[in-house]
Every structure is written in structure tokens, then in C-alpha cells.
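> Given these sequences and hints, build the entire structure.
Given next are the chains, with one letter for each unit.
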Amino acid sequence: MSAESSPKIVIVDESPIRAAILEEGLREAGFTRVVHIREMQSLLARIYAEDPDVILIDLENPSRDVLEAMFQVSRAVRRPIAMFVDQSDAASIQASVDAGVSAYIVDGLKKERIKPILDLCISRFNAFSKLQDELDRTKSALEERKVIDRAKGILMKVKGLTEDEAYVLMRSTAMREKKKIGEIAQSILTASELLK
Amino acid sequence: MTTPLHIGFIPLVDASALIVAVDKGFAATEGLDVTLVREVSWSNVRDKLNIGRFDAAHLLAPVAIASSLGLGHVKVPIVAPFNLGLNGNAITVSPALHAAIMGEIDGDPRNPLLTAQALSRVVAARRKAGAEPLTFGMTFPFSTHNYQLRFWMAAGGVDPDEDVHLVVLPPPYMVDSLANGHVDAFCVGAPWNSVAVDLGIGHILHFVSDILVSAVEKVLAVRQGWSEKNPEVLAALVRAASRAAHFIEQPENRAEAAGILAKPEYIGVDAEVILRTLGGRLKVSPDGTIRESSRYLLVGREGAARPDPAQAAWLYAQMVRWGQTTMRPEALKAAMAVFRPDLYDAATGQPVRAASGGDPIGAFAGPAFNPDDIAGHLAAFEIGRWKP
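Just so you know, the protein sequences line up as chains A and B, in that order.
First residue of the first sequence: 1, per the numbering used here; consecutive thereafter.
First residue of the second sequence: 1, per the numbering used here; consecutive thereafter.
One should not assume that every hint holds.
Stated by the list, open to error - With a cut-off of at most 27 angstroms between alpha-carbon atoms, the simulated DSS-like pairs for lysine-lysine come out as follows:
{"id": "1", "chain 1": "A", "residue 1": "K146", "chain 2": "A", "residue 2": "K157"}
{"id": "2", "chain 1": "A", "residue 1": "K115", "chain 2": "B", "residue 2": "K333"}
{"id": "3", "chain 1": "A", "residue 1": "K130", "chain 2": "A", "residue 2": "K196"}
{"id": "4", "chain 1": "A", "residue 1": "K115", "chain 2": "B", "residue 2": "K48"}
{"id": "5", "chain 1": "A", "residue 1": "K157", "chain 2": "A", "residue 2": "K196"}
{"id": "6", "chain 1": "A", "residue 1": "K110", "chain 2": "B", "residue 2": "K75"}
{"id": "7", "chain 1": "B", "residue 1": "K333", "chain 2": "B", "residue 2": "K75"}
{"id": "8", "chain 1": "B", "residue 1": "K263", "chain 2": "B", "residue 2": "K75"}
{"id": "9", "chain 1": "B", "residue 1": "K48", "chain 2": "A", "residue 2": "K110"}
{"id": "10", "chain 1": "B", "residue 1": "K283", "chain 2": "B", "residue 2": "K48"}
{"id": "11", "chain 1": "A", "residue 1": "K130", "chain 2": "B", "residue 2": "K48"}
To be verified - Which stretches of chain A does chain B cover? Using the computed rule of at least three CB atoms under 8 angstroms from a CB of chain B, they are:
{"id": "12", "region": "37-47"}
{"id": "13", "region": "100-106"}
{"id": "14", "region": "149-160"}
These aren't lab readings, by the way, just hints derived from the structure by calculation.
From the three backbone atoms N, C-alpha and C, an ideal C-beta is built for every residue, glycine too.
Written out as C-alpha cells, the structure is:
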């Protein structure tokens with residue numbers, strides 16, 4: 001795709017990682033003219049200056065309402081901008097809302113040219129959410145690991161157990177009380193704080 | 001059997017009837033299992049309502065009308081059987097603009113005609129001095145905030161499209177934008193005006209009831225198709241909201257209501273600030289001046305919750321006046337049909353009242369509003385984008 005025929009895409013997203021993931025995907029698909037706006041102050045002025053064909057914004061961004069003002073009669077806009085929501089394309093709209101992204105197109109860009117951009121956007125946003133979830137899970141697993149280790153230390157010291165014995169004690173208690181081992185470890189830490 | 005409902009809201013005090021209906025269990029009593037979903041933008045609320053991710057929503061009244069007419073967006077017919085809030089907005093100005101207006105005013109600063117005329121002189125002086133035009137923030141193109149600001153300044157001779165900049169800002173950004181000089185003033189709902197005053201960076205110049213005696217700002221909105229398929233669920237929801245509104249309006253319950261609204265999952269600001277707005281007793285100046293008004297933020301009292309199609313007609317007239325649409329009799333009819341007193345009456349079982357007559361809006365300038373003659377009404381205003 002030549003630079004002239006590639007539509008200019010602006011990504012409005014306060015998350016630099018998600019924007020980078022999306023931008024990379026767009027570039028791989030041959031959309032070479034991609035600009036990321038992170039700063040929400042003077043958003044409209046930035047967009048007018050960039051003069052994009054497509055604007056992508058995440059739905060967690062309160063500045064989406066700022067973009068809506070562009071639909072209004074405004075002498076500052078070179079071309080009117082319309083949102084890419086066509087009643088005939090309900091599946092696409094739902095998929096983008098569920099993924100957490102919204103696309104706006106400048107009047108004049110053909111719908112078939114928007115579809116691949118939006119599809120890519122949806123899949124990258126979903127991929128980002130998945131990454132985020134995994135990251136959160138890893139973080140909480142790491143946290144739990146730390147809590148268990150500290151609880152083990154306390155048991156070893158207070159009850160004179162070996163590391164393995166301390167772990168087995170926590171695990172059997174967890175099974176008996178139908179709780180997670182992390183919860184048992186946390187109660188040990190809380191109790192030891194209280195009894196200090 | 002309980003009916004699960006997803007309802008979107010923006011963290012503002014006029015979402016209180018919905019929030020309290022859920023938190024106090026009024027919705028559960030009606031057999032509704034409501035999940036409230038806090039949103040960050042009106043565009044999100046509108047879109048999620050439109051595509052069915054929300055069953056109902058706390059929505060700007062003009063957005064309900066615009067959506068039904070297909071203005072600025074896809075056309076999805078919406079009905080509004082319950083007004084969530086009237087007169088909760090206020091106009092807050094920076095200390096510098098406040099001083100400039102007070103320096104020019106000739107008479108009572110509570111008189112919106114006099115403040116608007118003073119603003120006009122400030123605007124003229126700035127132009128002469130080669131200063132940048134003043135910037136006013138509001139929350140959405142289709143919002144009562146936008147129309148209240150425009151109505152006020154135009155009455156004093158300030159053209160909102162020519163003489164100043166009007167910009168859209170999300171409510172949580174308003175205060176920061178005033179603090180850093182990005183805007184000189186804004187019109188926003190509770191609690192943000194009070195937050196600006198508490199920080200010492202703003203003066204509340206007007207309660208919007210100075211400008212219009214009655215203005216519906218937010219409604220409970222549902223898709224028309226959904227309302228037709230689920231009439232009993234909708235009636236149950238209206239009853240729950242109605243009971244909550246009644247609860248909130250009892251002075252002895254206000255502290256409890258403020259405590260509920262202040263929770264981080266709802267509005268997430270100090271309960272004391274919310275309490276002030278519920279009681280209509282607001283600190284209007286950083287020096288501690290208090291202003292009390294019985295017309296500030298009506299959540300159901302004085303029959304405020306019952307939709308009045310004349311209000312919808314006035315909002316439509318503002319869309320026409322400011323060039324957001326053209327005057328079409330069938331569009332007026334469709335706009336008025338968004339506000340559904342019949343659904344309210346059916347749900348609450350209250351006797352249908354005859355129209356009270358008189359001016360439903362009570363604007364400080366121009367002739368009394370008459371929904372039957374919008375063209376004639378608009379012709380009385382000099383400034384506007386409307387062409388007969």
C-alpha cells in the first residue's frame with residue numbers, strides 16, 4: 001500500500017502499551033500512517049492538525065465525548081466526521097464495544113476500507129485484555145507465593161517445623177477448611193501481626 | 001422470579017434515584033436484580049443502551065431526543081418514562097472572569113440578564129485588547145448544559161459560536177481544566193461546581209434555575225422496542241426509582257442518601273459535598289458565601305419526575321436554534337413522544353393530571369415557551385444559527 005492510499009489513522013489512547021500493540025498490528029497490515037495521541041488536553045486541536053481519515057479511541061477514555069463534538073457544525077473541521085456505526089453492521093458494532101474500542105471515520109472513506117481496520121482493532125484490543133488478565137493473574141500468583149513463604153517462615157519459627165512440614169501443615173489445613181492455601185497463609189500473617 | 005437488568009450511569013448526583021433504588025433495595029422489592037454499570041462518557045452510555053448492552057440508562061435528556069431523531073448518530077428510538085433530575089447544573093467561572101464580570105455588572109449579580117450583559121462587555125473589552133476569546137466548557141453537544149450556557153449568554157448579546165469558544169469536556173476533567181486555565185468557565189452538574197468552589201478556583205455564578213425555572217437534565221432512558229416488549233419490568237423500574245426519589249427528597253434521609261452516593265463505586269466524592277447539593281445549600285464562593293435555593297436539583301419533588309413533552313419540545317427548539325437540526329413538524333412530534341408521562345402515570349398509579357398550562361420552562365428572557373409555535377418562539381431571539 002502506498003503512503004498516499006494508506007488512510008491516516010489516529011489512535012487516542014492513554015495506555016501506551018495497548019496503543020503500541022495496535023499500532024504494530026496496523027503497520028503489519030500495511031497501514032503505515034498511524035499517529036498515537038496520549039495527551040488529552042487540546043485533543044481536538046491535535047486531531048484537526050493531524051487531519052486523520054480514521055480515529056480509534058478506547059471506551060475507557062472520557063474524552064470520547066470530546067470527539068462527539070466534532071459531529072457538530074464547526075468551521076474548524078475541514079471535513080465532517082461521522083461515526084462508523086451503520087445499523088446494517090450490528091455484529092461489528094457489538095464486537096467493538098465489547099472489545100472496548102470505538103472507531104470514527106471521516107466522511108468519504110469507503111466502508112470496505114474501514115472494515116479491516118476495525119477488525120484488526122477489535123482483535124488487538126481483545127489480545128491486550130487477555131495479556132492484561134494474564135499479567136494480573138501472574139501478579140496475584142506472585143503475591144500469593146510471597147505470602148505463603150512468609151507464613152511458612154512463621155510456622156517454622158513458632159512451631160519448630162522444617163520448611164516441608166510447615167507447607168504440609170498449611171496445605172492440610174486448607175483442605176480441611178475448604179480454603180485456598182493463600183487464604184490460610186494470609187490468616188497466619190494476620191494472626192501473627194495481632195499477637196505481636 | 002427476579003429480572004436481571006443492566007443499567008448504565010455517569011457518576012453525578014442526578015443519578016441518585018437509580019443508585020438509591022438499587023442500594024436501598026427498592027429495585028429488589030420490585031423483583032429487579034439491577035447491576036449498575038458506571039461509565040466514563042455519555043457516548044458510551046448511549047451506545048451501550050443502543051446496542052442492548054444496557055437495558056436502561058441515566059441519560060442526558062437531549063441525547064434521548066437526538067438518538068430518537070438520528071441526530072449526530074444512528075437513529076434508535078428511546079423513551080423516557082421518568083425524569084431523574086431537574087436544575088442540578090450550575091455555571092461556574094474562574095476567579096478572574098468572576099472579577100471581570102463583577103467589575104462590569106450594573107445591578108444584582110443574581111440577575112442572569114445583567115450578568116450576561118456584563119459578560120458581553122467583558123468579551124468586547126477582551127476583543128479590543130486583542131486577548132483570546134473566553135472558553136466555556138460543557139459536557140456534550142446534546143446537553144441541557146450546552147443550551148443553558150448558550151441561552152444565557154445570547155440574551156446578553158454574546159454569540160456563543162462567534163464571540164467565545166464552547167468546548168466539550170468530560171465532567172471529571174472540568175475542575176482541572178478551570179484550574180489550569182484551559183477553560184474560563186463551565187456549566188456542569190453536581191457535584192463538580194462545588195468541588196471547584198471548595199478548591200478555591202471557581203465561583204458559582206448561576207444556578208441554572210436562574211436561567212430556566214424548570215429544565216430536565218437527565219432522564220431514565222430505555223429503548224422504545226424494549227419498553228414495548230417489557231412493559232411490566234419498565235413499570236417496576238419506574239416505581240423503584242420513584243420510591244428512591246421520594247426517599248431522597250425527605251430532608252431526614254438526605255444524610256443517608258449522600259452517604260450512599262459518596263461510595264467509591266457510585267460517585268466517589270465526599271458525602272458532605274453531595275449533601276450540600278441535595279439540600280440546595282451550596283457554597284458559591286471560595287470565601288464561604290452560601291446560597292440556598294429551593295429550585296436547585298429537583299429529584300422528584302414537586303412532580304419533577306413526571307415527564308412533560310413540552311420540555312422535550314423546548315430541547316428540540318434549542319437544537320433548531322443552534323443549528324444542530326432543521327425545524328420539521330414531524331421531528332418535533334417525535335421529540336415530544338420521547339417523554340412519556342403516560343408510562344409514568346401507569347407505573348406509579350397516580351391520577352393523570354391535566355396539563356397545568358402556562359409556561360413550562362420559565363426562561364428569564366424571551367417570550368413564554370409555546371410548543372405549538374416553535375418558529376414564532378425562535379423568531380423572538382436575535383442570536384442563533386436558525387434560519388426560518
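> Please name the hints from earlier in the document that this structure breaks, with their numbers sorted from lowest to highest.
2, 3, 8, 10, 13 and 14
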